[in-house]
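Could you build the full structure based on these sequences and the hints that come with them?
The listed protein sequences derive, respectively, from chains F and E. By the UniProt record's numbering, the letter at position 45 of the first sequence is numbered 45, and the numbering carries on one by one without gaps. By the UniProt record's numbering, the letter at position 102 of the second sequence is numbered 102, and the numbering carries on one by one without gaps.
To be clear, the hints were calculated from the coordinates, so they are not data collected in a lab. Remember, it's a predicted structure, so these values are computed and weren't measured experimentally. Glycine is no exception: its CB is placed at the ideal position from the N, C-alpha and C atoms. Take these hints with a grain of salt, some might be off.
As the list claims (entries may be wrong) - Have a look at the derived ranges for each label pair, beta carbon to beta carbon:
1. E/170 with F/73: 32 to 38 Å
2. F/53 with E/159: 24 to 30 Å
3. E/17 with F/43: 47 to 53 Å
4. F/49 with E/11: 49 to 55 Å
5. E/167 with F/84: 38 to 44 Å
6. F/28 with E/132: 18 to 24 Å
7. E/63 with F/50: 36 to 42 Å
8. F/40 with E/10: 51 to 57 Å
9. F/68 with E/160: 25 to 31 Å
10. E/14 with F/56: 40 to 46 Å
11. F/7 with E/14: 57 to 63 Å
12. F/44 with E/79: 50 to 56 Å
13. F/26 with E/60: 17 to 23 Å
14. F/53 with E/157: 27 to 33 Å
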Amino acid sequence: MITWMQSMVQCRRSAARLEQYLDADPSAPLPADERQRLAAHLAVCDRCTRAAARHRLLRASLHRLGDHHRPDAASLARLQHLVHTIAADDERS
Amino acid sequence: MDIAPEVDDSARRLAFGTHVEPEVEVLLRVALSLTGHRADAEDLVQDTVIRAWRAMDGFDGRHPRAWLLTILRNTHRNTHRRQRPDTAAEPADAVGARPAFGAREHPDPQQVHADAQLSDRLERAVLALPETFRTVLLLVDVDQLTYAEAAATLGVPIGTVMSRLSRARHRVRKHLGPHPDPSSSGGSP
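See below:
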């Protein structure tokens with residue numbers, strides 16, 4: 001009973017930080033001890049491992065969605081030309 | 001367009017090219033996520049670039065992307081207030097629009113069917129989000145900004161970005177239902 005409750009507590013703690021852990025965002029890194037705790041928990045918890053897999057899958061799918069919907073090439077070319085023109089100062093008077 | 005004709009400094013131009021040129025594509029992607037319209041996105045980035053040029057003297061050269069995203073956010077906010085008081089604010093108004101997602105170019109015929117299914121399921125789920133959540137999801141998970149860059153773009157703390165992002169992802173997973181694998185027809189991560 002105590003073991004089960006400890007496991008539930010670990011799952012709750014992990015769920016609260018799981019996305020931050022999996023994102024590994026450089027602007028919001030988890031402390032090393034927290035990363036180690038989460039890695040250890042994921043190694044033994046099927047439920048959290050499945051949640052992690054769902055998270056990775058969703059992120060990858062959304063990332064691919066972005067790949068398939070790139071900005072308009074003509075817009076990008078016009079804007080790059082604008083920046084280049086300003087930087088080169090070749091068309092301003 | 002009027003681009004500060006009194007300024008003629010080669011170092012400034014060099015810094016502008018160095019810091020701004022590599023970020024144009026990111027700015028355009030983010031502008032699409034914010035406006036949901038290609039023409040508006042291009043206008044927004046154009047205004048942002050011109051403002052960045054004018055602000056170059058006050059820029060210390062650190063974190064140019066965050067600096068540019070902050071300018072873009074302020075430009076968008078000002079434009080939004082001035083010109084678009086009727087912009088859709090809730091998903092019910094946005095159904096049928098394609099925020100952040102524009103037309104494909106040169107689609108691979110073999111990929112079209114799979115892409116269509118992938119895009120349809122995910123886009124429906126994303127479009128169903130309230131704008132506040134949708135924008136964060138697009139910026140971080142589609143446009144690949146960091147939490148800090150998304151925070152700069154939206155003018156909110158990083159913690160707010162993380163909270164909204166988590167709720168947005170939860171809603172998308174819920175919308176996708178018991179079979180949350182939107183790539184079942186389009187490959188694996």
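Now for the hints, and whether the structure bears them out:
no. : hint                        : in the structure
1   : E/170 with F/73: 32 to 38 Å : holds (35 Å)
2   : F/53 with E/159: 24 to 30 Å : holds (26 Å)
3   : E/17 with F/43: 47 to 53 Å  : holds (49 Å)
4   : F/49 with E/11: 49 to 55 Å  : holds (54 Å)
5   : E/167 with F/84: 38 to 44 Å : holds (41 Å)
6   : F/28 with E/132: 18 to 24 Å : holds (19 Å)
7   : E/63 with F/50: 36 to 42 Å  : holds (37 Å)
8   : F/40 with E/10: 51 to 57 Å  : holds (56 Å)
9   : F/68 with E/160: 25 to 31 Å : holds (29 Å)
10  : E/14 with F/56: 40 to 46 Å  : holds (42 Å)
11  : F/7 with E/14: 57 to 63 Å   : holds (59 Å)
12  : F/44 with E/79: 50 to 56 Å  : holds (52 Å)
13  : F/26 with E/60: 17 to 23 Å  : holds (20 Å)
14  : F/53 with E/157: 27 to 33 Å : holds (30 Å)
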